[in-house]
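Student: Residues per chain, in single letters:
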Amino acid sequence: MVQALNIRSFTIAGLSVFLSVLAAPLHAEGDAAAGKNKTAMCAGCHGIAGFRTAYPETYRVPKLGGQNAGYIVNALKAYKAGDRQHPTMKAIAASLTEQDMADLAAYYSGK
Amino acid sequence: MNKLWIAMIGLFAMVAAGNALAGGDAAKGKEKAAICGTCHGPDGNTPIMPEYPRLAGQPDDYLEKALRDYKSGKRKNPLMGPLAQNLSKQDMKDLAAYFSRLSGDLKVKY
Chain A
17 MVQALNIRSF TIAGLSVFLS VLAAPLHAEG DAAAGKNKTA MCAGCHGIAG
67 FRTAYPETYR VPKLGGQNAG YIVNALKAYK AGDRQHPTMK AIAASLTEQD
117 MADLAAYYSG K
Chain B
2 MNKLWIAMIG LFAMVAAGNA LAGGDAAKGK EKAAICGTCH GPDGNTPIMP
52 EYPRLAGQPD DYLEKALRDY KSGKRKNPLM GPLAQNLSKQ DMKDLAAYFS
102 RLSGDLKVKY
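Chains A and B, in that order, are what the protein sequence lines are.
Position one of the first sequence corresponds to residue 17 (the numbering used here), numbered consecutively onward.
Position one of the second sequence corresponds to residue 2 (the numbering used here), numbered consecutively onward.
To be clear, the hints were calculated from the coordinates, so they are not data collected in a lab.
Even glycine gets a Cβ: it sits at the ideal position worked out from N, Cα and C.
It is possible that some hints are incorrect.
Below 27 Å or equal to it, Euclidean Cα-Cα: the simulated DSS-like pairs (lysine-lysine) are [to be verified]:
#: 1; chain 1: B; residue 1: K72; chain 2: A; residue 2: K93
#: 2; chain 1: A; residue 1: K106; chain 2: B; residue 2: K110
#: 3; chain 1: A; residue 1: K96; chain 2: B; residue 2: K72
Negatives, chain A to chain B, calculated, CB over 10 Å [to be verified]:
#: 4; residue: A44
#: 5; residue: E45
#: 6; residue: A49
#: 7; residue: K54
#: 8; residue: Y71
#: 9; residue: T74
#: 10; residue: R76
#: 11; residue: K96
#: 12; residue: T104
#: 13; residue: A107
#: 14; residue: I108
#: 15; residue: S111
#: 16; residue: L112
#: 17; residue: D116
Here chain A stands alone, though its shape is the one from the complex (with noise of 0.2 Å):
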């Protein structure tokens, strides 16, 4: 009888730490009315149509608008890394917390 109790325990407790790890975010949760407010460095790139980066290539900037906010955070952190390379970009996402680049993809990926 105790020892039945006892596997029932465990289990219990086994079950609700596999639960609590489902739930946890696998991501900082973003707030995109924060996010607003964080797009300074932003836009004046991304925030112009048609907008070419001038070095180390020339090419028209991609829209952030209506993109995944999964790929904007992914984008971030891959620059912060060095895992994508632009000067400018390595620079800025740098300055950024896990945080701010959930925030900045919340408000992007917004309508």
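Starting from the structure of chain A, add chain B where the hints point.
Tutor: Using the frame of chain A, we list chain B on its own:
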């Protein structure tokens, strides 16, 4: 005088043909885009994962650069790196031309 004109027209035609070759062909890009659509969505606007980007409407020169950087390893991604190895410069231009001309949810947002 006539010879000069013929030479000038010939030169102009060569430059025009060169420009056409340098650009992407969206129709050819469509033929090469099947594998892209499996993840990014056949319309380039419905990726199967939130971590995958929408492509429809993105500038062609940006898309081309992304593919170039995936191939060279300048941009690191375990999925796109190997896929880009199979693409020629012309394939990249054609794919970029195709996806940039599709319309989706992407827009310039201030």
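Student: Taking 10 Å as the cut and beta carbons as the points, is D116/A off the interface with chain B?
Tutor: With a cut-off of 10 Å, D116/A remains clear of chain B, as the shortest Cβ separation is near 17 Å.
Student: Would the least Cβ to Cβ distance between K96/A and chain B come out above 10 Å?
Tutor: holds (13 Å)
Student: Taking 10 Å as the cut and beta carbons as the points, is T104/A off the interface with chain B?
Tutor: The claim stands: T104/A keeps its Cβ more than 10 Å from every Cβ of chain B (closest is about 14 Å).
Student: Beyond 10 Å on every Cβ pair: is that true for K54/A relative to chain B?
Tutor: holds (13 Å)
Student: Say whether it holds or is violated: I108/A keeps its Cβ farther than 10 Å from all Cβ of chain B.
Tutor: holds (16 Å)
Student: If I take the minimum Cβ distance from A49/A to any residue of chain B, is it greater than 10 Å?
Tutor: holds (14 Å)
Student: L112/A clear of chain B by more than 10 Å, beta carbon to beta carbon?
Tutor: holds (18 Å)
Student: If I take the minimum Cβ distance from S111/A to any residue of chain B, is it greater than 10 Å?
Tutor: holds (20 Å)
Student: Once the closest CB in chain B is found, is it more than 10 Å from E45/A?
Tutor: holds (14 Å)
Student: Against chain B, does T74/A keep a CB gap of more than 10 Å to every residue?
Tutor: Non-interface label on T74/A violated, nearest chain B Cβ at 8 Å vs cutoff 10 Å.
Student: Against chain B, does A107/A keep a CB gap of more than 10 Å to every residue?
Tutor: With a cut-off of 10 Å, A107/A remains clear of chain B, as the shortest Cβ separation is near 17 Å.
Student: Are the Cα atoms of K106/A and K110/B separated by 27 Å or less?
Tutor: Cα-Cα ~21 Å, so holds.
Checked against the numbered hints above, the structure breaks hints 9 and 10 and satisfies the rest.
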